[in-house]
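Those protein sequences? They're chains A and B, same order as listed. Note that the working numbering has the first sequence beginning at 1, numbered continuously upward. Note that the working numbering has the second sequence beginning at 1, numbered continuously upward.
Note that these hints are calculated values from the structure, not bench results. Accuracy of the hints is not assured; some may be wrong.
[What the hints assert, rightly or not] Reference excerpt, derived from the structure (chain A facing chain B, CB under 10 Å, subset only):
#1 L60
#2 D113
#3 Q121
#4 R123
#5 A243
#6 L244
#7 A245
#8 A246
#9 R304
#10 S308
#11 S309
#12 A313
#13 V315
#14 Y485
No residue lacks a Cβ here, since even glycine has one placed at the ideal position from N, Cα and C.
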Amino acid sequence: MNERFGRFFANVGYVGTAFTLVIATLVGCGGGSDTRTATSSASSAVDRAATLHVIAGSELKDLEPYFQQIADATGITIVPTYSGTLAGVDRINAGESFDAAWFANAKYLLLSDAKKRVRAQERIMLSPVVIGVRASVAKQFGWTSGGTTWKAIAARAGAGQFHFAMTNPTASNSGFSAVIAVASALVGAQDALKASDVDTKKLRAFFAGQTVTAGSSGWLVDAYVRDQAKLDGIVNYESSLLALAASGKLREPLTLIYPKEGVLTADYPLLLLDDAKRAAYDKVTAYLRTPDFQKLVMTQTFRRPVISSLPLASVFPHALVNEVSFPNSLGAVDGILGRFLADDRVPAHTFYVLDTSGSMQGERLDGVVRAIDTLAGKDPSVTGRYARFQNRERISFIAFSDVPRAPVDLEMHATGDAATLGRVVAYANDLHAGGSTAIYCALETALDDAARARATEGPRYYSIVLMTDGENNRCDDAATFSDKYDRLPIDRKIRIFPILFGEGSSSELEEIARMSGGRLFNGKTQSLSDVFKEIRGYQ
Amino acid sequence: MAVTLATDRGSRPHMRVQRVLAPILSVILVVGVALAAYVSFGRQRAQDALGAVATVSGLIGSEKKEYLEDPRVIAILRKNGIALQLETSGSRNMTTRTDLKNYDFVFPAGVPAAKKLISLTHATTTYSPFYTPMAVASWKPIADILIASNLVKKVGSDYYIIDMKRLVSLMNARERWNQLPHHDAYDVGKSVLISSTDVTSSNSAAMYLALATYLLNGNAVVQDDAQARAVTPAVAQLFLRQGYQESSSAGPFEDYTTIGMGKSPLVMVYEAQFLEYAIAHKDARDPNMVLLYPKPTVFTKHVFIPLDAKGEKLGALLENDPELLKLANEHGLRTADPAYAREFWRKAGVHVPDRIIDVIDPPSYDVIETLIRGIGAAAATSP
């Protein structure tokens with residue numbers, strides 16, 4: 001199919017070129033400076049009409065290679081701004097201007113106030129959120145028939161026999177869909193779930209098996225590939241798992257399980273937000289739903305088509321995929337997510353390693369204080385609410401300059417624990433800048449503390465956030481640290497999430513993220529508060 | 001152009017002609033294309049400027065989009081000097097729009113929303129070119145399970161009738177699919193429920209509400225607040241237990257056609273939606289897709305409300321042009337004369353009841369409002 005498709009477009013391309021030549025000749029014949037002025041102003045008017053600024057989920061990045069083809073066919077260029085779904089709701093509510101929005105699932109948005117901005121909607125493709133299990137594990141547990149349930153998976157996870165990766169439901173739609181499906185399944189819900197239906201004990205057993213979390217579905221796949229020896233399964237879009245299976249990166253094939261109690265399917269609706277762009281929106285949605293494009297999406301990105309004239313490719317199972325109901329109100333969704341964070345999930349213990357060297361003086365340190373305040377509850381936006389420190393969570397701050405200062409360890413004892421949050425704010429306000437920059441010795445302290453904590457506190461997500469604005473100039477250097485990290489036993493290798501800021505060295509920070517299985521965040525292109533919120537997805 | 005070539009060729013030596021003619025011809029070609037484009041553009045502009053083709057803009061229920069965007073419909077309208085500019089909206093949502101004056105017409109589904117819109121816009125004439133009964137889109141294995149419980153009966157080899165009173169009471173008893181006998185083909189623990197649109201925004205859900213409240217009110221159309229209050233608790237759960245609902249009738253029907261039986265075992269639809277889909281997908285349609293007719297059922301009349309002279313002209317055309325009415329039949333809509341539809345649908349391989357006899361009237365717009373407010377209040381008190 002691909003070859004034929006390629007030829008087809010090569011032909012279209014050729015015709016297009018010939019046509020362009022004719023037009024160029026005509027304009028050339030016209031000559032005259034007046035003509036040229038008129039032409040250029042006309043073309044800029046066309047340019048404005050011919051773009052569609054879309055706030056889009058990061059799951060849609062895999063369609064970017066086809067944007068040119070969409071532009072060739074429709075004359076309209078999609079200009080994406082990538083964002084998480086909930087962050088997108090915040091940005092739309094804050095009045096940011098986009099022509100359209102395109103997320104894997106728009107139900108949260110459509111239940112929220114942002115719905116008022118939606119002028120039209122059209123779904124583009126489908127992918128259920130399912131669980132991929134290593135083939136040998138699936139066989140061992142007898143999860144190879146169609147009747148496998150979330151309940152059976154929960155039993156193995158609760159007994160410590162099944163470990164899986166899943167995204168954070170407040171940061172990513174795949175985790176969000178799984179939480180709704182699993183929470184419904186474990187209580188045998190017959191109707192759309194309400195927060196009061198959730199059974200914390202059962203959910204805790206299921207999520208005890210979740211050993212990897214992430215802020216995006218794409219990063220989760222990379223983390224699974226890296227840690228596949230330690231993991232038995234991964235919750236993600238069917239499309240991501242089929243793409244992973246086809247990538248050649250798996251040491252053992254995955255068995256895709258569509259649990260019998262039901263799953264939630266992402267339907268990727270394209271939402272029109274600006275009435276003035278209706279013509280462009282109509283053209284693009286019509287093209288995205290043509291049989292040719294739907295077929296391309298199905299064969300290249302493993303999303304299911306939304307037009308039924310296209311037969312499903314053979315990689316998709318034809319068995320019944322049962323669908324759970326999505327809750328009917330924002331209150332129910334917020335209640336379920338709130339309970340997940342406060343009670344059901346494995347709690348986090350994060351070590352914030354904060355640079356307080358002399359160069360941090362002034363606006364930079366103020367940015368850090370604001371970022372910490374955000375996590376202490378001072379941001380009322382949707383993402384701000386979900387980024388707050390949660391019940392049962394532990395937080396350790398390690399400020400450093402010439403040497404690491406004594407760590408400050410805090411624990412949340414309730415949702416919105418005012419005493420602990422007050423100490424967080426007080427700690428941030430007490431930070432002072434001065435001295436030089438001992439990045440690696442501070443990280444070594446954090447790794448030691450994290451190892452000690454892991455030995456005494458039991459199961460938590462342990463991770464380190466490194467915020468520095470400069471290059472290391474004291475104590476151990478990068479090579480020494482790298483040696484030491486390599487020699488750590490596996491259970492002491494904690495993920496590190498560095499933030500690039502000020503004059504920080506992007507190559508060194510990138511290397512820290514790479515060796516520890518963390519991820520580098522950019523604090524130069526967005527505020528530290530936004531970066532701190534985004535990293536919460538990985539904690 | 002070909003004629004020019006032949007004449008020239010006759011009067012000049014061959015070789016030179018080709019060499020000289022090639023560049024000349026390409027210039028002629030380019031100029032010719034440009035000229036043709038310019039002339040036709042000019043004509044088009046002249047015609048539009050004279051008012052021969054006027055853009056007529058309107059707000060329509062999403063279920064009529066495919067009909068009104070059918071190239072054959074567009075061609076007939078264009079011949080009559082009309083170019084349509086359409087925007088879709090839930091029919092009930094139209095009644096809350098504050099920008100109706102920007103349109104030449106509104107074309108909602110359902111008499112209750114239409115009556116409200118007539119009073120809001122002070123429209124004096126209306127047109128009702130076609131109507132469609134409410135039906136339930138389902139699947140053969142699901143129909144078989146319901147037949148085994150005497151909730152559904154097959155008529156001939158073609159369509160099914162639902163005993164709606166019994167189905168409503170079974171749904172209100174919170175029965176699950178896997179509690180019904182012979183449920184092997186649908187062994188899931190979900191409630192037996194009909195999915196619908198959001199009752200606050202869409203006519204098709206309001207028609208489901210009309211039907212359910214009629215049955216819960218002892219086979220009588222709900223007339224007043226007291227009756228409305230009495231049936232609210234039972235009818236509210238038919239909607240609230242469904243979970244998230246789409247605001248327009250295209251949404252749940254697309255769930256049905258694309259996600260399938262796992263999401264949508266029973267969906268309240270317009271008969272026309274199902275027929276339109278079945279006709280368009282004659283060879284590609286899942287053979288398990290079946291249409292169930294509730295007994296009793298309720299009709300949705302599509303009421304065209306002109307807001308100015310341009311709308312007026314379009315409405316008259318839609319109601320009276322025989323070709324447009326036939327095309328409406330081809331999109332699954334029923335018109336006053338059933339002859340063409342009967343023949344066309346039969347040829348397309350879809351079999352539907354010729355006449356539907358057990359039909360109730362929907363309550364008034366105000367009673368529907370009261371019922372919907374009651375459902376909203378019930379939603380607010382359920383945690």
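Interface hint status, A245 (chain A) versus chain B (Cβ within 10 Å): Violated: closest Cβ of chain B sits about 22 Å from A245 (chain A), beyond 10 Å.
Per-residue hint verdict: L244 (chain A), partner chain B, C-beta under 10 Å: Since the shortest Cβ distance to chain B is 23 Å, the answer is violated.
Hint status (Cβ of L60 (chain A) to nearest Cβ of chain B, threshold 10 Å): Given a least distance of 18 Å, the restraint on L60 (chain A) is violated.
Interface restraint verdict for Y485 (chain A) against chain B (beta-carbon cut-off 10 Å): violated (46 Å)
Status of the hint placing V315 (chain A) at chain B (closest C-beta pair under 10 Å): violated (17 Å)
Interface hint for R123 (chain A), Cβ within 10 Å of any Cβ on chain B: holds (6 Å)
Satisfaction of the A243 (chain A) interface hint, Cβ to chain B closer than 10 Å: violated (21 Å)
Restraint outcome when S308 (chain A) is required to lie within 10 Å of chain B by C-beta distance: holds (5 Å)
Satisfaction of the D113 (chain A) interface hint, Cβ to chain B closer than 10 Å: With Cβ-Cβ at 15 Å, over 10 Å, it is violated.
Interface restraint verdict for S309 (chain A) against chain B (beta-carbon cut-off 10 Å): holds (5 Å)
Satisfaction of the A313 (chain A) interface hint, Cβ to chain B closer than 10 Å: violated (15 Å)
Residue hint A246 (chain A), partner chain B, criterion CB-CB below 10 Å: violated (23 Å)
Checked against the numbered hints listed earlier, the structure breaks hints 1, 2, 5, 6, 7, 8, 12, 13 and 14; every other hint is satisfied.
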